[in-house]
Structure formats: C-alpha cells, structure tokens
Amino acid sequence: MGNNYRYIGRQSPRRDASDIVTGATQYLDDLKFQNLLYGKVLRSPYAHALIKDIDKSKAEKLPGVQAVLTWKDLPDYRGGTPRNVRILDKKVRYVGDAVALVAATTQEIAEEAISLIAVEYEVLPAVFDIDEALRPGAPAVYDEYPDNILPGGTIIYGPNCLKGVVRGDVDKGFAEADVITEGTFGYENIPNAMPPESVAAVAQWEEPNKVTVWGTTQAPYMDKVTLFHVFNRQLDIRTIGPQCGGGFGTKIMCWQVQSYAVVLSKATRRPVKVVFTKEEHLASFVLRVGSRINARVGMKKDGTLTAIKGTWYVDTGYYSFTTQAQVAVGSGELMIMAQCPNWDLKNIIVATNRNASGSTRGFGGQELKCSFIPLLCLAMEKAGLDPFEVLKKNFVKPGGGYYWRDGNWFNYRGIDFSQAMDKGAETFGWKDKWKGWLKASAVNGSKRRGIGVGVHGNADVGEDAAEAYVQLGYNGTATIFLCVAEHGTGQKSNYAKMAAEVLQIPPENISMTPADSLVTPFEFGPVGSRGTYAIGSAVINAAEDAKRKLLEFAAPKLNVSPEELDTADGVVFVKDNPEKTMKWRAMGNDRTILGYGRFEPDFTMCNCMMTFVEVEVDTETGKVDLVHVVNATDVGQVIDPQGLEGQLNGCFGSAGIDSAIFEETIIDHRTGHIVNANMIDYKWRTFSDLPRVDHVVLETPFPTHRFHAIGVGEVATSPGPSAVLMAVSNAVGKWLYEYPVTPNRILKALGRIDPNVSNRSNGEGR
Amino acid sequence: MATKNTHQKRKKTQELRPISLTINGRPFELAQGSRLGEVEAFHTLSHTLRETLGLTGTKISCDNGACGACTVIMQGKPVLSCKILTVECDGKSITTIEGLRNQETGELDPLQQAFIDYTAFQCGFCTPGIIMTARALLNENPYPTEDEIKEALSGNFCRCISQYQVIKAVKSVSDDALAVSRGGYQPAGGK
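Chains as they are written, first to last, in this note's numbering: chain Y, 1 to 766; chain U, 1001 to 1191.
Note that these hints are calculated values from the structure, not bench results.
Bear in mind the structure is a predicted one, so any value in this text is a computation, not a measurement.
Any given hint might turn out to be false.
[As the list claims (entries may be wrong)] What follows is a set of in silico ranges between Cβ atoms, one per label pair, in the way DEER data are often shown: (1) Thr1145/U <-> Lys210/Y: 56 to 62 Å; (2) Phe228/Y <-> Arg1035/U: 39 to 45 Å; (3) Ile753/Y <-> Ser1181/U: 53 to 59 Å; (4) Gly429/Y <-> Glu1148/U: 28 to 34 Å; (5) Glu1146/U <-> Gly429/Y: 22 to 28 Å; (6) Leu1085/U <-> Leu50/Y: 37 to 43 Å.
[As the list claims (entries may be wrong)] When the alpha-carbon atoms are kept at most 27 Å apart in a straight line, the in silico DSSO-like pairs for lysine-lysine are as follows: (7) Lys734/Y <-> Lys431/Y; (8) Lys1083/U <-> Lys32/Y; (9) Lys447/Y <-> Lys1150/U.
C-beta: ideal position from N, C-alpha, C; glycine also.
Produce the complete structure using the sequences and hints provided.
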C-alpha cells in the first residue's frame, strides 16, 4: 500500500546492526564490573522434600567464598501469584529448586563451594501432572493449597480479572446446535522457548537500602516493580536492561535470578553476577503452561458456533507468577477466534512438582487454542465443513466483541481480517489441496501429505500503560527516553523511525537512552503484542508533545500562531510561507524542549495471524516433515519490512510450530528430572531443515495508531501447532490429538506398533 | 562446564611455559597459572577470549558444543571455542568476530555488511557464531550452493529463526564474489 512516509515502512539497517555483526553489542554477560563476585545456586535433586538440615560450614571456609545463604539467612521475601514463593524455602518443590546461594571470587570456587554444602532432605511424594495433582489425597505442593489448586485472578488486572468466560445461555446454545462434540484434549508437552542467552543478573548493593540490578530482561522497568514487592516494598531499586539475547516472552519476569543476585550482593557488599548454565536455564526457568481442556462445543451446519462449555486445566508447575494473567488473556484470545454467543468456560490452575511455567509468546492463548482446536475439528468434521471457512467465519469482526483480561466486555473496533485470510488461502492453494477431513492432499508411495490451518488473535496489542520522553536537540536532533531493552524484534529502531516521522528528522539523528529506570519514565516492556501500538504510541505522543512545544516556542519569533507552523529537517517553517523559517538551533543550547508521551491501555483492537501448513508423513517411519507454511496477517502498516519478515519466520522456533512436531520437555515421572534439559537432547530446528515459508502481509489501515500499524510478531508461533495436528491427521487418515506428533504416535495411530507400548519410558501410558 | 572441582587439583604452574597465540593478527603470550589474567589448565578458549582478553563478541550459549554460538576460526577452520582448552591452542592462529573487519581500515567484511543489509539477525546473540561459521565456509568454498550453506550452518542455533535471511546474506556475498571473478560489476554492499 502506497504512502508518503519518509521512514515508516522503508527498509533501513537496524540501529544496532553494526554492533551486532562486529561483536560489539553488550549483552549482560559482556558487561564488566569492578570487584565482581560470582553467584551459584545449589539445587534440589528431589522433586519434593523438606530440608531437615543444612551444614554450610565447609563451604564458608573455602578460600574465596564470600557468602553462603540458606533459607535460614533470608527474611520472608516472596514472589509469585499469590505471593507465596520464598526466594529460598525450607521446602523444595521441584528438581532444581534453589536450596542455597553462594558468592565467591571466581565461578569455579563458587561451584566448588556448592558441592561442599551438606543438606539432609526428607523426601516427600510428588505430583507431576494434572491427574496426579488433582487426585484426592494427593501430596500438596503448598500447605496453603491442599488440593493443589491455585487461586485464580491477578491483582495487576484489577479486582474483576477475567477468571473464565460466562455469557449467554449454553443450554439454549446446545439446543440450537446441529452438531455437538465433546472430549478432552491437551497441549501438555510444555515446550521451552529456549532463548540463546541464558537467564542472568548482576546486582550492586548500596547501603542502606539501594540496589541496582542489571538483567537479561524484556521488561526492565517491570523488574523494578516486581522486585519492589518481592523485597517487601522496602528497597530503592534501579533496574537496567542491556541488549537481551532473545526472550520470546519468558524474560518478562526473571525475579528469581535477580533476587539471588540482590541478596548475595547485600550479604557481600560487592557486585554479584549470577548466570544460569544452559542446563539450569532449561530446567529451572519457565516453560510454557501445560494446557488441557475438557469441553463441549455446539455448532450449526453453516459453522456458526452456538455454545462452548467446559473446563480449562492449566498446569503451572511448582508456582505461577504470570499464569493467572495468561489464563485471563488466553480466555479472551479464545473468544477472539471463536465468536460464540453462549459460553461457560471455567478454569483450574494446578500446581505440580516440576519446573514452573510462565509467560511465553502466545501467553496462554496459544496453549488454550492448541487444546481447543482439536475439539473444534471434530465438530467441523461432523458438520462436513472446511476448517478454513469455519475459522474465518468465527474470528472477531467489526461489530463483534470479547471479554478481556480486566473482566470487561469490549466491542471490537479493528479491521476485518477476512481479506488477509483469503489471500493466505490463495497463496497456499488451500482450495485445491483440501480434500476433506482425514483425507490426504497427496499420496506418493509411503509418503502422504496433508494440510491444516490455525488462527490466533490477541487484543494485548494495546495492553498496559507506556510512557516515553522525547527531548529535542538544538542541532536538529532528538533523544528518546524509553525503558526498552532490544530483545530481537528491532522495535527500538522502529521507535526511532516513528519519532523521526513525527519530527521529520532522519532516524540517525535520534539517540535513545539505555533502558535504565533511573533515567526513563515507566514502561511495561515490549511483551505480548504491545510493542507497536502501545509503546510506539507513547513515543509518538512524546514526539508530538515535543513538536508542539517547539512550535509554541517558535511562533512568537515568527509572528504567527503555532497552528500555522510545521517542522522538518531541524527547521520550523510557516506552512503557507515555507520561506519563513526558524532553525531548531534558535532554541539555544541552554534550553530543554522535552515532550512527554503516555499511552493508556486500549483493548478494543486485536491482531490476527492465520497459518496454513502442509506436512509430509512417512508412514513407514512415522517421521513428519513440514513442506510449506504460509502465514497470513494484516498489520495495518509495515514499519520495517525485513524486521517483520524475521518476526514472521519466527513461527517455528521458540516453542511454536515445532512444538507440534518434535519439541517437548520430557520429565521422568519416577524422579521428576527433566531428561532433555540441554541443547542436544532438546530438539530444535536447524539450518538444514527449513521448509518453504511464505508470508501474506496486508496493510489495511488501523483506526488507532498514528501510522495505522499494529504489532504482530508475538503471535507468529501461535496458530501453527494445532494446524500441524490437523494436517498430520488428514495426511494419515487418523486423528492425532497429542503434541508433538512423534514417529511413535504416528505409527501407533496407523496400527504399526502396539498401541499399549508407552511412548517413552516415563509418564506416558500412566 | 569444563571447570568443575578443579580448584584443589591445580598443579604448580610456575614452571609451565606461556601459551603463544595469534588472535586477529596480534600475537599474545599468556602465562599459565591461577592468578588474574593467567590461563588455567581447565580454561576453555571461549573463557580465555571473553574473560582474559575481553573479546566478548564470542558468545557462550550452551557451553557444551551444541549451539555454535562460540564459533571462532582457528587455523582456517571453524571451531567451537567452548570445547577447546586454551592450553591446546599454543602456536595457533585464531580469528574472532572482532577480527573480521579490516584491522587497518576498519572496513567491514562483506559478510558483515550483507548481514546488516539483509537484517540477517534478530536478537543477535547467535550472530557472531553464525558469521564466523559462514566466513570459514566462504574462505574454503567461495561459491557454495544453498544446500552447502545450510549444511555448513547446521550446527548453529538460531531461535529467532533468522536462518532464511542469513542464507540470503551469505548467498549475496558469494554471488557478488562470483560476479567480480567473472569481471562483472563491482559489488556495492549486499543487495
């Protein structure tokens, strides 16, 4: 779509490109600190145990050791939702739970000290999945929650936080239905987003109650807010977010590693760095939530949904911080894709003795839909309907609406995504390839091809407040004060483009502050899909405010009203008489023109991604190959074409499409150990296994954002997994319900191996 | 990590001779020992580059030979610097990401420029390792096929999925080199 923008939508190098390709970019572990100590964590070998005794005397005597902390040494500092998770506790709740912390002059001494701490455990029985946790008389992960059910709702979403969806009359809805299907379906392979940079923090304590924390973070200002509460609202906290080596949603919250660094720095009065090894990262940092739905769906012959009723079980692992929020957002996201008048969808958040779940790209909605769509498929099959048509029909359109996270109903006022979906189907060749349910689109000997489609939309594009300042420089430059750490989306470059477009100066003339809570105003962080609309709008508003102040300053000097003025290239001019000008330089070097911008949350908009996949299944070996993927979306306005392309290509990784094919976290149910917590045994897509991928990107202007854009990168991962399940089922002619579609599951479905043989030696077939 | 429980086992290192390395064209002599700035027997090359020499462009991700993030070029070959002990590198010539640009003029390697032009990265954490692997490939095989590029990079993890743009960037360098070798146009960047 043509436009007259100078910078928006035009390809330009990322601001940090030169540093990234020369190795000059500084991620957390690249920063240098004087007098630095290294922190390490002693972790529990048991999934559930009481610490009867800890003897740290040997560790403390090791030369170079500066502090050894156990639960006895720490006040009652807690995180989590509800706030019931101590930094160190006398009870451990998963294999890898923190037992003690050490700070020493070298990494090696810290590791050796860890091995010198003697711990006596009383091992308790443990629960590793939803069934075990909810069984009557099951061991309780928390004494406070004897049934292993955590309270719903999160205070940050307000007193009426969405805890489920109740609307209309489901009995009436089912009575009106032509087809009804019900069953239990799950997305319980808890894949790991696995960013390359491990989770880490550095803390520098300053007496009496100040601390500076550098984090591997997607949300540096929120780190300050979170830690403030963890430390009982008694600390003066400054948080700094250097370049972040990938987060995919997980690094919105790194409070544990940050807390370890803080308490060790407080104990030693020296800066302390704690870096998780990759194994710790995979086994002790957050996974996706485990998701299972037991539900009933009613549908008319034309694909109109009439009723959805059921319970969403959410396995959060040993604690939650963001899970209640993910349940709220996820429930709303389901409503966006399934416009239905009658709902009764409850949810239950279950605690289990495994590594915690947390925020990951897709934020609850991906997990819920991966469970829900297989159920919907059965209804669509029963009604003999094409899934593309049903998904398109039921996605929110102008005039529709949904409940969102604060419990309020929102009338949708965004665009109709049907055109993008149609174009996606055309690019993919859906109409030609769709042969009906459980029918292969092509067969060549033992190789059978099948197609599938999924959809996702998120109204968190406008979630949470954002703030920014823009300061004008007298030399025709500007500085953006913003607490955003670049984590791979390229959004920092995009914000500079947005400000450049408002101020009509080249982005190269715009500087950005580091993400430092001491310097910048509040910012929630580029998490979810909010980067473009929410944060972008704060920057744009700040630039507009600065521009307004500049024009007000110039007006008397040019003897006109501010409304008669505009500015470009560091020059203010009279619109009707462009000869009449004033250079920005006239503001002098002793004056600050500072604009303030704020974005107030707006839940009336959502983004949309529809993903089409074609798979080829080898019925001899059970191997599934992705042949072709088409992502279809409408972004309102492209900000940076290559940056967008990269984000959309991201659909495979970070626990996206590949979580339906080979990605999973495998827990040994006898011991609670994750058996693939390393990058060899946890499978990931390599360069030599890239399918063909195409993107359909439309630009239908959104009515909100100054440049009519909407963020979409986050949701690239979300529609794909259920589409893969659908495609594989169609290819082999049998329903496959479980993620991922391993060769064993395929061969079992085909009757080529004994269905009673366990998929793995651990939990399955329990 | 190759560093566990070695503290008590350290030998007397006074008599050990220093390790000679050439890094990015500059000679280094690193003393062996346990004092700050010295090389211990268990130090990996990635540790020495980052912690002892301050060359933090080489990244550590898995620290276990699985992800390729720590790739440097040693004696012309791409190697995983987390799986090599520094004491094994005596007499070796090593190029890191910091040494890829022209050390005199500061001009970027065409591959680095192509990565900028194609935005062939997102979070950028794996990028130095990917560039070093691709550079070693192009040094050995200036005109690789797409499959050869993929094969060479198959040990490099990229979670953001910048692989498609990386392949375009590497191919563009190879295409430009081919055009030059045939007496064609002078390349102006990667596009």
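Status of the hints after comparison with the structure:
1. Thr1145/U <-> Lys210/Y: 56 to 62 Å: holds, 58 Å
2. Phe228/Y <-> Arg1035/U: 39 to 45 Å: holds, 41 Å
3. Ile753/Y <-> Ser1181/U: 53 to 59 Å: holds, 54 Å
4. Gly429/Y <-> Glu1148/U: 28 to 34 Å: holds, 30 Å
5. Glu1146/U <-> Gly429/Y: 22 to 28 Å: Since the Cβ atoms of Glu1146/U and Gly429/Y sit about 23 Å apart, the hinted range of 22 to 28 Å holds.
6. Leu1085/U <-> Leu50/Y: 37 to 43 Å: holds, 42 Å
7. Lys734/Y <-> Lys431/Y: holds, 21 Å
8. Lys1083/U <-> Lys32/Y: Judged against 27 Å, a Cα distance of about 24 Å means the pair holds.
9. Lys447/Y <-> Lys1150/U: At roughly 24 Å apart (the allowed maximum being 27 Å), Lys1150/U and Lys447/Y satisfy the hint.
This entry satisfies every hint, going by the numbered hints stated previously.
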